[in-house]
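In this text, residue positions in the sequence shown follow my numbering: the first is 718, and each later residue adds one.
In short, the hints are calculated from the structure, not lab data.
Hints are all accurate, no fakes.
Taking lysine to aspartate or glutamate and the DMTMM-like style, the derived pairs with C-alpha atoms no more than 20 angstroms apart in a straight line are:
| # | residue 1 | residue 2 |
| --- | --- | --- |
| 1 | K914 | D941 |
| 2 | K914 | E935 |
| 3 | K914 | D936 |
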Amino acid sequence: MRYTVERSFVGDQPIVVLQDEAGRRVRIACHGAALVSFEIPRSGLPFDIAAGQRDAAEIIARPGSRFAIMAPFAGRIADARYRFDGRDYDLRPGAAPGQRESRHGFVRDADFAVAELVADAGCARATLSTLIRGQPGYPFAIDLSVRFTLDAAGLALAARMCNSGEEPAPCFFGWHPYFRVSDGRADEWLLEVPAGKLIRTGKDLIALPGDAAYGRLEDAPTLDFRRPCLIAGSILDQGYTELLAGADGRMRTRLTDPGTRFGITVWQERGVMHAFTGDTLKRDVRRSVALEPMECMANAFNRPECADRIRLEPGAERIYRCGVQPDE
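Using the sequences plus the hints, can you model the full thing?
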């Protein structure tokens, strides 16, 4: 199989393009390192499984955080405040009540540098990098790179976070992709999430305190997708934990069109999965499903049980791997 990689543009926005001779093509914006599209051949025509941003304006405005890279935290942080190593931090200093939302980290609006472009007989690869520095309430130094690899197995991400500061830092990675398996609606698709428990939240979508955050799937049948089930009318903005791994150590969430049996699998090596049916989006409501692999649950900076997983010592690095595999 022959692969190629090149630089290009969507309007005035620089992108990188990974492609193979079979017709699969991945476009990644340098702004935010967000996927724009992932086209695969189906019935002789290109089909985009990625519900990404449509043009240069959307790449900048990032509505719905489509395919956002989330670092140094994913999801929300309660009241934009957290405590780490005995110190209190405020991510929104001076913000009034009701305006204290902080979510999805700091790099959605970062312009990533292209650190590597490689193509050979086995894959096409692009590595995009940025620095996290000088953020209000986050006086830590994280070097972030995300390597995208298109090969026979699909698209893989390897996110590398390095603490280049002089103090331990809290950080974890997440990805916010939206996928579709047909031109229909999410109601018509099957979802499978290999979860042991669901993450229970309040109206603010912040996990409940302590053990109350972890619920039995048996007690919430409309949120139970341990076996493939139609999404139907379920409104999902839901986190799942205790994911069951396969023999290779990967945890797999799957979205399938039952009419054609075509599906895509989102895999991750650890962490939680968050599923979102897009009911609050301003366009294409329930026309895709966000399947978000995350290294830790939202608000992990404030969860004692996550303390070891988010802690990164000076000079240390941590890698988080996930990806998507469409059916052939």
